[in-house]
Amino acid sequence: MASDDIWILGIKMTKFGKHPDKDIVDLASEAAMAALADGGVTMKDIGILAAGNLMGGGGVGQQIQKQIGQTGIPVYNVSNACATGATALRTAIMAVKAGEVDMGLAVGVEKLAGAGLLGAGGKAKSDKKVYEPKGRYGAVGSVDGRIGTDSMPGVFAQVGMEYGHKYGGASFELFAKISEKNHAHSTLNPLAAYTKRMTLEEIMNDVMIAYPNTRSMCSANCDGAAAAVVVSGAKLKTLSLEQQRRAIKVKASVLTTDPWQEACQVLPDVNTLTKNAARIAYEQAGVGPNDLDLVELHDCFATAELVHYDNLGLCEEGGAADFFMSGASWRDGKTPVNVSGGLESKGHPIAATGIANIWEVCHHLRGEAGDRQIEGAKVGLAHVIGLGSACGIHILEKSGL
Amino acid sequence: MASDDIWILGIKMTKFGKHPDKDIVDLASEAAMAALADGGVTMKDIGILAAGNLMGGGGVGQQIQKQIGQTGIPVYNVSNACATGATALRTAIMAVKAGEVDMGLAVGVEKLAGAGLLGAGGKAKSDKKVYEPKGRYGAVGSVDGRIGTDSMPGVFAQVGMEYGHKYGGASFELFAKISEKNHAHSTLNPLAAYTKRMTLEEIMNDVMIAYPNTRSMCSANCDGAAAAVVVSGAKLKTLSLEQQRRAIKVKASVLTTDPWQEACQVLPDVNTLTKNAARIAYEQAGVGPNDLDLVELHDCFATAELVHYDNLGLCEEGGAADFFMSGASWRDGKTPVNVSGGLESKGHPIAATGIANIWEVCHHLRGEAGDRQIEGAKVGLAHVIGLGSACGIHILEKSGL
Amino acid sequence: MSKQIPFVDYLVLGDKPHLVANECTGCGARFFDRRNACASCFGTLFKKVDIVTEGELRAFSIVTFAAPGVKVPFVSAIVDCGGTSVRCTLTNVEPSPEHVKLGMKVRLALVPVGADDEGTEAINYGFEPA
Amino acid sequence: MSKQIPFVDYLVLGDKPHLVANECTGCGARFFDRRNACASCFGTLFKKVDIVTEGELRAFSIVTFAAPGVKVPFVSAIVDCGGTSVRCTLTNVEPSPEHVKLGMKVRLALVPVGADDEGTEAINYGFEPA
Chain A
1 MASDDIWILG IKMTKFGKHP DKDIVDLASE AAMAALADGG VTMKDIGILA
51 AGNLMGGGGV GQQIQKQIGQ TGIPVYNVSN ACATGATALR TAIMAVKAGE
101 VDMGLAVGVE KLAGAGLLGA GGKAKSDKKV YEPKGRYGAV GSVDGRIGTD
151 SMPGVFAQVG MEYGHKYGGA SFELFAKISE KNHAHSTLNP LAAYTKRMTL
201 EEIMNDVMIA YPNTRSMCSA NCDGAAAAVV VSGAKLKTLS LEQQRRAIKV
251 KASVLTTDPW QEACQVLPDV NTLTKNAARI AYEQAGVGPN DLDLVELHDC
301 FATAELVHYD NLGLCEEGGA ADFFMSGASW RDGKTPVNVS GGLESKGHPI
351 AATGIANIWE VCHHLRGEAG DRQIEGAKVG LAHVIGLGSA CGIHILEKSG
401 L
Chain B
1 MASDDIWILG IKMTKFGKHP DKDIVDLASE AAMAALADGG VTMKDIGILA
51 AGNLMGGGGV GQQIQKQIGQ TGIPVYNVSN ACATGATALR TAIMAVKAGE
101 VDMGLAVGVE KLAGAGLLGA GGKAKSDKKV YEPKGRYGAV GSVDGRIGTD
151 SMPGVFAQVG MEYGHKYGGA SFELFAKISE KNHAHSTLNP LAAYTKRMTL
201 EEIMNDVMIA YPNTRSMCSA NCDGAAAAVV VSGAKLKTLS LEQQRRAIKV
251 KASVLTTDPW QEACQVLPDV NTLTKNAARI AYEQAGVGPN DLDLVELHDC
301 FATAELVHYD NLGLCEEGGA ADFFMSGASW RDGKTPVNVS GGLESKGHPI
351 AATGIANIWE VCHHLRGEAG DRQIEGAKVG LAHVIGLGSA CGIHILEKSG
401 L
Chain C
1 MSKQIPFVDY LVLGDKPHLV ANECTGCGAR FFDRRNACAS CFGTLFKKVD
51 IVTEGELRAF SIVTFAAPGV KVPFVSAIVD CGGTSVRCTL TNVEPSPEHV
101 KLGMKVRLAL VPVGADDEGT EAINYGFEPA
Chain D
1 MSKQIPFVDY LVLGDKPHLV ANECTGCGAR FFDRRNACAS CFGTLFKKVD
51 IVTEGELRAF SIVTFAAPGV KVPFVSAIVD CGGTSVRCTL TNVEPSPEHV
101 KLGMKVRLAL VPVGADDEGT EAINYGFEPA
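Sequence order for the protein chains is A, B, C and D. In this text, residue positions in the first sequence follow UniProt numbering: the first is 1, and each later residue adds one. In this text, residue positions in the second sequence follow UniProt numbering: the first is 1, and each later residue adds one. In this text, residue positions in the third sequence follow UniProt numbering: the first is 1, and each later residue adds one. In this text, residue positions in the fourth sequence follow UniProt numbering: the first is 1, and each later residue adds one.
Hints are computed from structural coordinates only; laboratory data are not their basis. Don't take each hint at face value.
[Stated by the list, open to error] Pairs of lysine to any residue residues, derived as SDA-like cross-links and limited to a Cα-Cα distance of at most 20 Å, are as follows:
| hint | chain 1 | residue 1 | chain 2 | residue 2 |
| --- | --- | --- | --- | --- |
| 1 | D | Lys71 | B | Met208 |
| 2 | A | Lys44 | B | Glu242 |
| 3 | C | Lys48 | A | Gly135 |
| 4 | D | Lys47 | B | Gly138 |
| 5 | C | Lys48 | A | Pro133 |
| 6 | A | Lys129 | C | Val113 |
| 7 | A | Lys134 | B | Gly138 |
| 8 | B | Lys166 | D | Asp116 |
| 9 | A | Lys44 | B | Asp23 |
| 10 | A | Lys235 | A | Ser399 |
| 11 | B | Lys378 | B | Glu262 |
| 12 | A | Lys129 | C | Asp116 |
| 13 | A | Lys44 | D | Gly43 |
| 14 | B | Lys134 | D | Thr91 |
| 15 | D | Lys48 | B | Glu262 |
| 16 | B | Lys129 | D | Gly43 |
| 17 | D | Lys105 | D | Thr91 |
| 18 | A | Lys129 | C | Asp117 |
[What the hints assert, rightly or not] If the Cβ cut is set under 8 Å, some of the chain A residues that face chain C in the computed set are:
| hint | residue |
| --- | --- |
| 19 | Tyr131 |
| 20 | Gly138 |
| 21 | His165 |
Positions of the beta carbon are idealized from the N, C-alpha and C atoms, including for glycine.
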């Protein structure tokens, strides 16, 4: 039976950080088995598995099955760059909505510790000895550095600078202060890769990667996994009161891509698809930005967090700098943002991120977030964006029981 | 509105073969634009894109959007080895069934011409200078060749031999005769990579790859793409009579993985998941094997075709050799199998295959298959399997209009 | 003098060096790369259009850490050339926040990349302060 | 004599060489590799069990074309060892259909792989006609 009433029954993330002794299947299995246990179910109850991993060899879903239970259910291996985890969750939700199953499992996993600079290839770029035009631009050599930048820190630096140019108020110091907030938040998160409070001076004087992003303003490459069990409302009613009480309602689940606009061919437009996803999500959920008790947004770089305040409607158009400077996004502010520490300190194991941010929100909505609990949190939003591009937004609400 | 009434509105495959002047995005765009035109719609009508490609750099869905229309719709990049195309189609179907959209586009594309042996790594396997146990088996070197085979021709050879051992009747010559049939069929398919009729002697004397599979009994690496537009029944009713008449009903759409059985850790079990998928598909469709006017099944190797006769219920259990020897699977037989020429001659651009086989079936059900038309075809089945494992089965029916 | 070729095929050398784009004849969307169809309106007809050589700096980053083989620091920039956005590296400017300002006027400049083994010299483009 | 190590960790050398599997204490499913949980019943407790060293050939392929560095031809085989299926390469048999027959009896045999730079010799297993 098709269902529009979808709940998260169980959800877990592993510790983010360095896991040299675990392979991606160990990490994924740890998260998946923990999510099943958290939901009080086993693989026997699961009707579909959606899994994401970018840096491994492919087919991670079936590899996970062999470690947690090989029951013959359909597996969808999905990818959408940094939105991969959210895409896996969306796929499981879609299977439940379609009435194909009443319970699904989504897993995201990545091993990135020591991976270095992403987006910049990784292989040395040497020119051919005899020039020959290649690819859709007919380039005779690598364009990275010669025609702008391919590196993520540089691309997202430009995204933040563009916003600053358009609306004013953005500066190196402002971006660094956003990072200061997230590093401060991380001190309360035992699962974060880095939990060190950093001063504004330390952040601004850290190694410059791509102005205005210093190293501590960039998302941290690390290892980690996260997994979630989703269930239809009808099935949830047959489960225990405790399961129903801890279940978190998925009020909105949205995936978008970037529609064409003039400049998107030269600088990825991370704004329009986020604005579109947010608009659809608020409509689906029947809530607005003012109803949100916390937000986990995709601060892959400090420069990105600024623009997403605006894209998610947390402030007036063009008012992101003022919004931040008002203190609104600190954990004691009007709309706490990235109380987990965000990708800059919690870490960013790419395909795990889109489920881990939902775990963070659920953790608060269940009142289980310990020292970093946002008191009385009822509604939260999780946002993730991958270049290429894809944006996933989920709005979550605590059970009324 | 959720819908269980799903139709294929437009579908196309490119010529399979060598396309040195086209990149994967060219091939995918060609198939996608042709499928849209075939369905009489444009990207404006499409609500979701699911895309698959294994050998490229990832994110093929968004790359395709940029070439055919960047409208902001959700994109799912999916993979499931050789079942990737079917998984993309399933994902689009699931979005329609969930009521999230009324029309979806699925695309599969691969460039494989000259790729050589698959499954065997491709990199030279040299042992470490100092032995160090690695991986889940604690192996101190590469196991390929030392502990059985990692290569696909060898793995599927064993699958066929195992069937022969269990039920009898299988021999090198029998497997070669299956290949003879498919090469004969291919002569009528202008989109096949190879269309040369081969004698049994030529096939048996061809280069041996992995006994009993000679080169002409192996799927042909090649380039190609295929795409399909799916639509809800409700939406279809609003379209033209011509569109309704050519639309093909998706009577069943099933994806399974291999459940655990004793030997699956040492030889992939391609049987149980196919049997499970077939059982579910026949239930969903309300038809049985005897109702099928044609079948496109995954003959990645001649040895594989034999076991799938049995797995799909085209014959009695254990009766695959007799079924074939009766002539039943030739195009003038009781249940024509692989009238396209199959993967052995049509070619196997991995991620495209799971949509291309559905195109073949649709082509006949629409009565548009020209010289190779199976007269009066009303119901057909398309089967695909990828190791790891995943099996996709679709049962298709012509419109009653 | 040795043969010269443009570093990318949307750069036209000669007396008046400039960039060219493929403009969709249906909706006017511009693309520097080859497209199978228009990302905006799905049309398949394009014509070549010249891009003006002066522009304004709309976004930048000073990249100080890059992949092996990429010379740092460099200034990556997005330049608005009369309504068409161009990606480039700035040239003839010190790569520091004191010298690169949002909104500054810039113009197209040529940047030699070096010769290949047959003596063919590749010429790239950049933008410099106007 | 130099130090010997097994080529894979489910091969036990010594006086009576044999294979060992991780058997799920819940359902008896056997795995040669390390598992986080049982693929069959999801249990997480395993015990080591010895695999009998005689078996019957259930499937094979004579591989004559392989990745670079893999010596061909070789006979890849699936052997049924008292109900536990084992993947292996056959040894001490001519790699031709005349000499390899489905159903033939085989037994475990050791196959030296060579020594590393420290003189450690790796010993692999195969199966040979019994």
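Okay, the hints, checked on the actual structure:
Proximity of Lys71 of chain D to Met208 of chain B is assessed by CA-CA distance (about 15 Å); at most 20 Å being required, the pair is judged to hold. Of the supplied pair hints, the one linking Lys44 of chain A and Glu242 of chain B is violated, its CA atoms being roughly 46 Å apart against a limit of 20 Å. For the proposed pair Lys48 of chain C and Gly135 of chain A, the alpha carbon gap of about 18 Å is at most 20 Å, so the pair holds. Taking the CA atoms of Lys47 of chain D and Gly138 of chain B, the gap is about 17 Å. The hint holds against a cut of 20 Å.
Between the alpha carbons of Lys48 of chain C and Pro133 of chain A the distance comes to roughly 19 Å, so the proposed pair stays at or under 20 Å and holds. Restraint check for Lys129 of chain A and Val113 of chain C: satisfied, since their Cα atoms lie roughly 13 Å apart, inside the 20 Å limit. For the hint linking Lys134 of chain A to Gly138 of chain B, the alpha-carbon distance of about 43 Å lies beyond 20 Å, and the restraint is violated. At roughly 42 Å between alpha-carbon atoms, Lys166 of chain B and Asp116 of chain D are farther apart than 20 Å, so this suggested pair is violated.
A distance of roughly 43 Å separates the Cα atoms of Lys44 of chain A and Asp23 of chain B; the hinted pair therefore is violated under the 20 Å criterion. As the CA atoms of Lys235 of chain A and Ser399 of chain A are separated by approximately 15 Å, the hinted pair is consistent with the 20 Å bound. Distance restraint check for Lys378 of chain B and Glu262 of chain B: the Cα-Cα separation of roughly 39 Å exceeds the 20 Å cut-off, and the hinted pair is therefore not satisfied. Between the alpha carbons of Lys129 of chain A and Asp116 of chain C the distance comes to roughly 5 Å, so the proposed pair stays at or under 20 Å and holds.
Straight-line distance between C-alpha atoms of Lys44 of chain A and Gly43 of chain D comes to about 12 Å, which keeps the hinted pair within the 20 Å bound. For a cut-off of 20 Å, the pair hint linking Lys134 of chain B to Thr91 of chain D is broken: about 24 Å separates their Cα positions. Of the supplied pair hints, the one linking Lys48 of chain D and Glu262 of chain B holds, its CA atoms being roughly 16 Å apart against a limit of 20 Å. Between the alpha carbons of Lys129 of chain B and Gly43 of chain D the distance comes to roughly 38 Å, so the proposed pair goes past 20 Å and is violated.
Only pairs whose Cα atoms come within 20 Å are accepted, and Lys105 of chain D paired with Thr91 of chain D is accepted, the gap being roughly 13 Å. About 5 Å separates the Cα atoms of Lys129 of chain A and Asp117 of chain C, which keeps this hinted pair within 20 Å; it holds. Using the Cβ-Cβ criterion of 8 Å, the hint placing Tyr131 of chain A at the interface with chain C is satisfied: the shortest such distance is roughly 5 Å. Using the Cβ-Cβ criterion of 8 Å, the hint placing Gly138 of chain A at the interface with chain C is satisfied: the shortest such distance is roughly 3 Å.
The criterion of a C-beta within 8 Å of any C-beta in chain C is met by His165 of chain A, whose closest approach is roughly 4 Å, and the hint holds.
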